[in-house]
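The chain contents come next:
There are 2 protein chains.
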Amino acid sequence: MVFGAILAGGVGSRLGADIPKQFLMLGDKPVIVYSLEKFLACPRMDRVFIGVHPDYLEHTKQIVAQYVPEDAHRVHILSGGGSRNDTLQNIIAAIDTLRQDSEEDIIVTHDAARPFVTMRMIEENIDAAQKIGAVNTVCAATDTIVISEDGAVVSDIPNKAVMYYGHSPQSFRINLLKRLYNTLTQEEKDILTDACKICCLRGQQVALVRSEYTNLKITTPGDYIIAQAFIAAGVDQK
Amino acid sequence: MVFGAILAGGVGSRLGADIPKQFLMLGDKPVIVYSLEKFLACPRMDRVFIGVHPDYLEHTKQIVAQYVPEDAHRVHILSGGGSRNDTLQNIIAAIDTLRQDSEEDIIVTHDAARPFVTMRMIEENIDAAQKIGAVNTVCAATDTIVISEDGAVVSDIPNKAVMYYGHSPQSFRINLLKRLYNTLTQEEKDILTDACKICCLRGQQVALVRSEYTNLKITTPGDYIIAQAFIAAGVDQK
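Residue numbers (the numbering used here), protein chains in the order written: chain V, 1 to 238; chain X, 1 to 238.
Computed beta-carbon distance windows for the label pairs:
id: 1; chain 1: V; residue 1: Gly81; chain 2: X; residue 2: Arg120; range: 37 to 45 angstroms
id: 2; chain 1: X; residue 1: Gln228; chain 2: V; residue 2: Ile19; range: 24 to 32 angstroms
id: 3; chain 1: V; residue 1: Gly82; chain 2: X; residue 2: Arg120; range: 35 to 43 angstroms
id: 4; chain 1: X; residue 1: Asp18; chain 2: V; residue 2: Pro43; range: 38 to 46 angstroms
Just so you know, these hints were derived from the structure itself, not from any lab.
Cβ coordinates follow ideal geometry from the N, Cα and C atoms, glycine included.
In isolation and in its complexed conformation, chain V is listed as follows (with noise of 0.2 angstroms):
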């Protein structure tokens, strides 16, 4: 089976507004409802979970009942961790009451802050999950990449041809997730937010899936700003 989570935990609001982002209205719905409705729409996804902070929980239900009325039965409510892995814990756990503990099984984590994902994309994400195990949907850098250890002066600059900016979709089979969660120390769990970084340090591979320069996470006014703009001309149709 395949399994979408939609990553929607946070609180913070940097862009000024009473409710978090991904709640935000952009255009004509609610942020989040962009890649839940495209997550819905793919024929291969069994059932889509939305990790919410307890206090929007029943904000998401409403949200759910009016703009996916069709499709909610598919769609699971539930209330987040402290942290994107908690959440993304809490996400699995209600996975497991559903499924036969297959190796088959795939999990497609998404960010709600990013609207723009496409069915490319989730696709790709699927393919790439079932062959390899773990996926990033990346970007290549268009910024020459700086790194500054103190923040005041450069430490290297490396090549940029290697480079890319880390996206989502990130997909796992679920068992080979779990395994590598069971082998964090908390201190790991506490640093090791980036589920594909654990894949890494932990030596398993992890698939690269094109992302556009459009699937831009919504978090400054400025990106919100972006957002309508893409919007305006149709980004969001693709």
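Starting from the structure of chain V, add chain X where the hints point.
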């Protein structure tokens, strides 16, 4: 003295337009005019050099005459070389005819396709170049940075907290930059297209100046959409 160097030598356009991106109209003026106006408005900037492809010398002269006629006497347009380094070298050679080879003289280099440079960035570039000798304008990375040596699987996911996106301006004490260039082999010149990287490799400290997310380089059609949204949001007024 302080010299501006606007690097406009590119002729490629991934935007599907007939003219290079730095000459495309953005709002009510060509892209290049935004940074040219900012440079000319800086009271500490003695002269501004623009390096362009030979085919666009006349076009650039017309732009200067049309958009900044009262400052045209402070603008020098010259033919760029085949690469970014060559263009910069041509500009430095031209600057050398105007100055007394002072250790204090500064060059503030900037991508013509980054219209939203701010006066703060220019001023801080001049300050830091006078103090440290070399400066890069950077923005803290918002995406996780992923390294892939083969473009197929992840090689490493470095600590995001020390990663920055390299923008421009990049600024240098002119004599320092000339001395460093003279130590490069032809092979190094071909590889080291980034003047700050040359400094790094030769052990010259490079100070960081804070950029803004708005200081994007217009390269793709998506960037052009974003730039137009920034204009609509008044980003160029800052």
